[in-house]
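> Given next are the chains, with one letter for each unit.
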Amino acid sequence: MSDLILGNDWVGQVHQAEGERFGVGPADRATIVGALARHARAIPDAAFLTDTTNGAPALAFAAAHREVQCRVAWLLQLGLSRGDRVGILGRNSIDFVLAVLATLEAGGVAVPLSPADPATRIASHVEFTEARFLLFDAETEAVAATCRTIERACSFNEIAMPVTASPAGIAPPRPTDAALIFFTSGTTGAPKAVVQSHCAVVQNAFSLATHHRIRTGVRLLCVLPLHHVNGLEFTIFAALLGGGHTIIERGFEPLRFWKTVRDCDIHIVSVVPNLLRLLAQCPGLRGGQPLPLHYAVSAAAPLSTATAQQVQSRLGLRIVQGYGLSEVTNFSCLMPAEMQRDDYERWMFYGRRPSVGPSLPGQEIAIWRDSGPAGHEVEGEIVIRGHCVMSGYLHNAAATTEAFRDGWFHTGDLGYSLPDASGRGFFHVCGRQREVAKRSGEIVSLLELDEILASLSGVADAASVAFANTWVDEEIAAVIVRQPNSTVTEQDVADHCRSVLPFSAVPKSIEFVDEIPRTASGKIRRHALAQRFAGIREQLFRETTARRGASKPVPGREKLTSSNA
Amino acid sequence: MKTDNLTARVLDSANRVAGTNLSLPPDGDLPLEAFGFDSLTFFAFVLDLERSCGIKFDDTLLNHEHLRSICSAAALIHSLCAASEAGNREGVRNQLS
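Protein chains in written order, with my numbering: chain A, 1 to 565; chain B, 566 to 662.
Bound-form chain B, shown alone (with noise of 0.2 angstroms):
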């Protein structure tokens, strides 16, 4: 998946789990601060963003750091999504060798 649409779809995420409808700058990030998430639905849109992406986080997800702004949190997701399919090609190589 392309980051591109991985960040419009954190900040689709974003936006519809806070109730808001910011955007970002041109060029820029925004801080997840700004959509005045609560830990539970800070939570609600972590579990958003694993059926949105398709994706299941771990526990790297507890260095806050990841998921501090859309750009990162679509650049957590972006290599999650990567080393997921790493994972499905040494699989197969695994199953063809």
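Isolated chain A (complex conformation) (with noise of 0.2 angstroms):
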């Protein structure tokens, strides 16, 4: 990474957090707004943004900054206060991430919103954040006008239109100023606001800009959803950072993805495991010809040694995995991302699981086992400490301090490191404590969805589940105890949930039993109840265009085969 890039904002500063120093990180004034500025004047012609669906040529940055000039105004003539939370609706675009950057120019917090999520759940996101503002792309304009909490809705159009306003005199946020507001399961318990500040996103960025050598002409490529950490802090925010391009998809589309590599010769390519292993089960789409594609990066979900050797052998693709979470803003580990083969194979393909790799520069990483930090080749609780860690969980403060213990940031996952030959850690997650499911990478709450079915009337007892499956690596499922004399049925259940949970989170398949096995302790016995949806492991579920609020099993690949032989 260059000076021009990184400018005098990054020279020698140290970041303070908990009384620990963690080498150098972002001074005062540095902000990923300031990087686009920066950008603006120094490179303004190279491209930064494309949008594949509109087929518009690419947004420059010098043009883009232009553009969030003209946002921030509109946002300022709303009256906009600096802090202030403004809700962002909206599928990927570039519409999308400008309507981030001008809120945080602006000095607010931008509270990124998935288009996936029933209305009543965003309106209480809305409404939790106290947001005052609410952006939103045209496709979600009628779940924006159910947000009755907020000032004022506009459509990312509108924001768009010149304003006679103008932005200047904003004074730049402090480093410790929050930023963003991310919507995540939590390390227990029901979905919490992980706030990020300032300093925690830029660091972020700024290592994943360094990690990957991202810099003008290095092309990335966003499949994943901009309102979660991944697609918005790493593909967009690394890449603005380093001054590098992003080619925004709307989402992951299997028979367009290798096509798209290619015409937009993408160097960098974003996933979550699951959907590297659909790439690898149809290797001919690839085609034969070289790819400019230098790796995938893969995190969200463990990924399995099956998975990576099919990957490199079908596909000839190297991946690059990462850990991490929304409370240490994005990633914390990653593996290198240029190996000698042997020691790629060693690290990926031979050990008992693939590893997500040493720390990254200004987080240190441990693992906790009895009260304390403990040596390599010793398994336990994955902690993180350093400028990535979150300022905590919005309106609760309770969760705040259970997730943070002796300095460092319980993650509720389970892991343990091995040396290299100078003695660095690299990371592996073998497991996790928290009671969540990784759907696609996506993380659903069972203890949220445990309450959700037991405030259906008729039900007694009721469990969540989270079993194995071949398509999204892990799939929904419910188990109910119906109270006595109760007739509530299977879309019963399946209707309640659809009404206040995005089709992610919604179990798949439900079933009745008189009993809810437990442990002596009264926890449910989850691993016991995924051993009965083990025959559905092949099934692709999908929500039924007839009616929202089912979903419809997909045959397996295995029935498929037989079917048809």
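Everything labelled a hint here was simulated from the structure, so no lab data went into it.
Hints are all accurate, no fakes.
Across the chosen pairs, the derived CB separations fall in these ranges:
1. B:D569 - A:D265: 40 to 46 angstroms
2. A:R213 - B:N570: 50 to 56 angstroms
3. A:A116 - B:D623: 28 to 34 angstroms
4. B:D603 - A:E130: 33 to 39 angstroms
Ideal placement from N, C-alpha and C gives every residue a C-beta, glycine not left out.
Hey, can you piece these two chains together into the complex? The hints should help.
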């Protein structure tokens, strides 16, 4: 990374967190939008963003900066004050990115919202964050209208119109000011709102831009949702900081993937493991020609050794696996981007599971065992501290206190480290203490789902279950105990869940039982329950278009093969 | 494999993956849009075609024109089968010569 890109904001600054020093970090004036302003001056015509859905030419840094300033003027005219929260609702698009950047530039706090959520859930997120404003795309206008707690909702098109107000005179945000709020399942219980500071956001982008050597001319493909940390903070913010170019897709399209990689000359793509597994199932689509793609970054769920090997042998593609959470502003660990073949195979193929690599600069990771950090090869809870750790959970001091103990953020994930030749720890994730499912990289809180199931009239007891699934890594099921004389049906349960949860979190299979198995301390035996659903491991469930609320199983691969033999 | 058989197999596969029970109009075709596939289920349909028809798609599939309808999909598979058979014959000739 050149001095041109870093500027003077990065020289020798040290961040203090919990009394510890974590090496070079961002200076007071460093922000993501500050990087955009620098690039607009230094590399004005370099491509920054391309949206594959509209066929428009790439938006260059100078043009992006102008577009952001236009939206800043709009937000200020609306009366946005420092620290005001702004909900941003929409599918992947350049307008979504510009809305986020404008909110940060204007001194607001951006709250990315998922358009896949039901309207009631979106409205509750808006209300919980006390968002004053809501910015939305054309497809979510009806949902935006249901968010009655906001002062004003504006479409992305509306805030792109010129206004007379001048954004001059805005004081830059302080590094500890909140920049973004993401909803996550949290380490325990119901979803929580993670508050990320400008310092954390810019440090994460800096670490990633440095690690991946992102600079002008490096192209990243964004197929993950921009309302998640990975989509926004890696493929957009890290590219922005490094002066790279991001090609934005609406989502992951398996059949279009390789064509987009070739046509757009993509160097780096960020995906989740089940998407890699899908691509490896149909290697012919890749074509025989050499690819511009240097590697795929995989995170959000553990990658299996088998998938890593298939991706290598069938697609000729390397995987750079990483690990992180919203609470640590995206990535905390990453495998080195360039390794000798022997080293790559050692860490990816020959251990118990593929490594997620060593910790990134500015962060410290340890394995916590018996109330303290443990050495290499000892399994325990993964704990993290440093620049990228969140400010806390919004309106939830108890959960924040619970997550931070002894100066470390406790992830609830289990892992171990192995030393390389220099003694540096390469981490491996091997399980979780948290009661969550990971469906296609998205975290679903089973505890929240338990509560939703139990709140349905006629249900005496209920438990949600994550079971292994070929298509999305883990799928969701529910086990229900009816109250005496209750006639509650499978459809009642599905409809109830769909009214408050996105399709991803709705149980795809529902069984009625006499009793929920529990441990002596009352914990649900979810692992035992998951065995009930082993028979539908190969099924792909999709949302029916006829009636939103039901899901329909698509025949599994093995079943398809046998029925067509 | 005859095109009529292929068309029936493609239709059968699409119905199975989509969970529908659509049929072709007499002497007509059916757009794949009718099955309401999303990107993931469309991919599942492609994988099912590979298995049920015993073929391997290549990057020609990336041109979506080939998979616009039941009949266009059957025609694509037919051409892949023909190319595969021709390749096999060529291989046998090379071994004999």
